[in-house]
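2 protein chains.
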Amino acid sequence: MANILLEHATIVTLDAEDRILFDADLAIQEDVVAAVGDIPPTFAPDERIDLQGRVVMPGLYNAHAHAAMTYARTYAEDMPLDRWFNEGIWRLESALTPDIVYWGTMLAIVEMIQGGIVGFADHYFHMERVAQAVEQTGVRANLAWAVFGSETGEVGITIPETVDFVKHWDGAASGRLRAMLGPHSPYMCPDAFLARTGAVAVREDVGIHIHASETAEQVQRSQDARDMSPIEFLAHRGLFETHTIVAHAIHASDVDLNILANKDVNVAQCPSTHMKYAMGVARVPEMLERGVNVALGTDGAGSSTALNLWREMRLAVLMQRQAHADATLLGGSQPLHMAGPNGARALGFDSTGVLSPGFAADLIVVNTLASHFQPVHNVTAALVWCTEPADVQDVMVAGRWLMRDRKLLTIDEQAILAGFQNALSEMQKTPLKQFQQYQA
Amino acid sequence: MANILLEHATIVTLDAEDRILFDADLAIQEDVVAAVGDIPPTFAPDERIDLQGRVVMPGLYNAHAHAAMTYARTYAEDMPLDRWFNEGIWRLESALTPDIVYWGTMLAIVEMIQGGIVGFADHYFHMERVAQAVEQTGVRANLAWAVFGSETGEVGITIPETVDFVKHWDGAASGRLRAMLGPHSPYMCPDAFLARTGAVAVREDVGIHIHASETAEQVQRSQDARDMSPIEFLAHRGLFETHTIVAHAIHASDVDLNILANKDVNVAQCPSTHMKYAMGVARVPEMLERGVNVALGTDGAGSSTALNLWREMRLAVLMQRQAHADATLLGGSQPLHMAGPNGARALGFDSTGVLSPGFAADLIVVNTLASHFQPVHNVTAALVWCTEPADVQDVMVAGRWLMRDRKLLTIDEQAILAGFQNALSEMQKTPLKQFQQYQA
Chain Z
1 MANILLEHAT
11 IVTLDAEDRI
21 LFDADLAIQE
31 DVVAAVGDIP
41 PTFAPDERID
51 LQGRVVMPGL
61 YNAHAHAAMT
71 YARTYAEDMP
81 LDRWFNEGIW
91 RLESALTPDI
101 VYWGTMLAIV
111 EMIQGGIVGF
121 ADHYFHMERV
131 AQAVEQTGVR
141 ANLAWAVFGS
151 ETGEVGITIP
161 ETVDFVKHWD
171 GAASGRLRAM
181 LGPHSPYMCP
191 DAFLARTGAV
201 AVREDVGIHI
211 HASETAEQVQ
221 RSQDARDMSP
231 IEFLAHRGLF
241 ETHTIVAHAI
251 HASDVDLNIL
261 ANKDVNVAQC
271 PSTHMKYAMG
281 VARVPEMLER
291 GVNVALGTDG
301 AGSSTALNLW
311 REMRLAVLMQ
321 RQAHADATLL
331 GGSQPLHMAG
341 PNGARALGFD
351 STGVLSPGFA
361 ADLIVVNTLA
371 SHFQPVHNVT
381 AALVWCTEPA
391 DVQDVMVAGR
401 WLMRDRKLLT
411 IDEQAILAGF
421 QNALSEMQKT
431 PLKQFQQYQA
Chain C
1 MANILLEHAT
11 IVTLDAEDRI
21 LFDADLAIQE
31 DVVAAVGDIP
41 PTFAPDERID
51 LQGRVVMPGL
61 YNAHAHAAMT
71 YARTYAEDMP
81 LDRWFNEGIW
91 RLESALTPDI
101 VYWGTMLAIV
111 EMIQGGIVGF
121 ADHYFHMERV
131 AQAVEQTGVR
141 ANLAWAVFGS
151 ETGEVGITIP
161 ETVDFVKHWD
171 GAASGRLRAM
181 LGPHSPYMCP
191 DAFLARTGAV
201 AVREDVGIHI
211 HASETAEQVQ
221 RSQDARDMSP
231 IEFLAHRGLF
241 ETHTIVAHAI
251 HASDVDLNIL
261 ANKDVNVAQC
271 PSTHMKYAMG
281 VARVPEMLER
291 GVNVALGTDG
301 AGSSTALNLW
311 REMRLAVLMQ
321 RQAHADATLL
331 GGSQPLHMAG
341 PNGARALGFD
351 STGVLSPGFA
361 ADLIVVNTLA
371 SHFQPVHNVT
381 AALVWCTEPA
391 DVQDVMVAGR
401 WLMRDRKLLT
411 IDEQAILAGF
421 QNALSEMQKT
431 PLKQFQQYQA
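The listed protein sequences correspond, in order, to chains Z and C.
When you line the first sequence up against the numbering used here, it's residues 1 to 440, in that order.
When you line the second sequence up against the numbering used here, it's residues 1 to 440, in that order.
Extracted from the complex, chain Z is given alone in its bound form:
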């Protein structure tokens, strides 16, 4: 790592004042942003990079993913969620191997870096292989071993084993790794198992990443069984006492919204999946109003097909405007904040996600000179509505370039495609069986 000066850029800070600087410089000292705009005369760059006509902005943080699920891309389409689980994914996952998790995650990291994602919150299996992929590629991640409790024990690994995983990896890879507990959901885990997870999380001071309230049916079943919504139940059983990411939270009551706000729960919205599988529209404007930290996730490629946060950013806006018949919802820089700083906060990285002195040098360069951006009357709107993954020119995490001029610097893409294809072929030799049952 070196001292780098980015010159003549449009700098979209996403800081508290939402400052945008034109024809401005940004100084990077080792792994942090040293200065934005006013560069101290003492700053001695090893390298100067002219970024005229380019935007420098914080990298994007994917707050809910099952990265390895790239192997399931386009496998189960055009079906409701229950069939997607029962006929698609929960059959395919019966043939899961640690190898497909590793190679699937590597493929996902290629796609994420190429689209400007610098960190992701993952919720899947064989997470030590995911940690290995994160270490090798230089991205940030928050990893949670997914566990389905059962009456007789756990499917996957046990709670003590996931705690060991967290203890081992949290803070690893020079701080680029965080780790949390990953109980699947209140609809697939027994109540006692969830309560136990909550107690362990508090005792060991570790976070929790969980799915909740994805469909109206789930909420109804929870009400019938527990006389509480899934979110009320999670709060009641102590799962919101540490740092928490709740994925989806689509069907939330007023009580639920207050819980999410009061308990500082991070909510990850995955609009592609929500819309594609017709799951409903989360109450995002009300969440933001109450101060809930709403971030964006791509979910797994098995549902969303693409690990593209620019797409999620736009869909987050469009689905709310459609649902509420209000063209002013989630305007301005709100989508950028959800994909950037809110995501960093959800992932549990301090001093990340904003371009300000002292913050991590996690940033991307967007080439807004491309014809499909022109003219740029409004930089924020151009970023939100025009950017495609291919417009991301450079990606830096903690002061280290992971991509320059679209060339991946820590990854051999062809080797990954080959390794992935091998692992998939191996997986495809296993006869499939349904390993979990989802009730619509």
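Careful: at least some of the hints might be erroneous.
Since the list gives no way to pick one copy over another, a pair counts as held whenever it fits inside one copy or between any two copies.
[Stated by the list, open to error] Pairs of lysine to any residue, SDA-like flavour, derived with a Cα cap of 25 Å:
(1) Lys407 with Gln52
(2) Lys407 with Ala323
(3) Lys429 with Asp350
(4) Lys407 with Asn367
(5) Lys429 with Phe22
(6) Lys429 with Ala261
Everything labelled a hint here was simulated from the structure, so no lab data went into it.
Following the hints, complete the assembly by docking chain C onto the known chain Z.
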């Protein structure tokens, strides 16, 4: 033009049987597809192109655009349609020049070719300059001079002048150009003007491209004033007696849907604009059920921001699934058909939009080897859900390559960006005034 053999491709024909051929060849003779799959031994190619790992499919047809409006990209965001018109576009358009129309259209054509769009239905002003851009660049287009009638005459050019425009350009550029009449809409044109347009269309046997039923308020005002919906009124006044494109048709009654079906009206859906400006959800599944030809449009960049039919394709599906809570809606190849063959039909080009012998050689090559497509369990789903404009590798219109390996062959992109910037600077010297008034 020459005889070309595309070899070892995945060929997505979008023909009546929806055939997909793997590791197959496609023969192009001059400007048409000569053979698909079984290549006659007599076919003597001048050039053979290996497309292993690539998809060959029909080009995309943009069924409703205001191409020149690239100049208004990101100019009026986060506001309802009435403010978008009154505070944004209908002020900016008061400074319109033929030059900005030409350069704005050239910029739009760059973006469209780069994203796999081979033809567009345009509805704007100074259309002779648009025709010039189409001639030069080699794309297909169906052009309509937009006219706002008024009590005292027409704003823009007169009906006889637009008829002259149509007669002059329809069939020009070796058949790549079609032309139609372009009355703005039943909400902005006086009834007598519309009736006159309908009569002229029938007498001169020319088509009509018009906006209708964009908002619930428009429909209500039409009911109040005419005791008919906008679509009933257009039918009643004889505007559906020739080839017609109706843009939007969002708020359609059962009676309206039957009119659209019975009168063979082509409906252009512009999902980005519909969602972004919270205009409502068209009854697309019911239209398709009744046999209405539903195609997709990007609308102008002034509203949709991007001229990206892949995005429109996905939004067309997602918005319906959200609105109807049904994850099976518009599945399979339906989105590809809407953007391909249905669009070609809407534009009024016969024997175009399908890869079958005798059809026009309008095709695109998509590089599905890119990491974000892998693995391709389902070719159709991969095209619909994974393709971004940058994945379009090659574009051919009527047997002529317009782009090879992402390099534009008929366009000097840098010269266009410079010309566009000059024309925009000129335009920005004119003080703006509001030249039309929209009533919410």
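Cross-check of the supplied hints:
1. Within a single copy, Lys407 and Gln52 get their C-alpha atoms as close as 20 Å, and across copies as close as 23 Å, so both meet the 25 Å cut-off.
2. For the homomeric pair Lys407 and Ala323, neither the shortest alpha-carbon distance inside one copy (40 Å) nor that between copies (41 Å) is at most 25 Å.
3. Taking CA atoms no more than 25 Å apart as the test, Lys429 paired with Asp350 passes in neither setting, with 44 Å inside one copy and 47 Å between copies.
4. Both within a single protomer and between protomers do Lys407 and Asn367 lie at most 25 Å apart by alpha-carbon distance, with minima of 14 Å and 18 Å respectively.
5. Taking the shortest Cα distances, Lys429 and Phe22 sit within 25 Å of each other only across copies (23 Å), while inside one copy they are farther apart (56 Å).
6. Taking the shortest alpha-carbon separations for Lys429 and Ala261, neither the intra-copy value of 47 Å nor the inter-copy value of 49 Å comes in at or below 25 Å.
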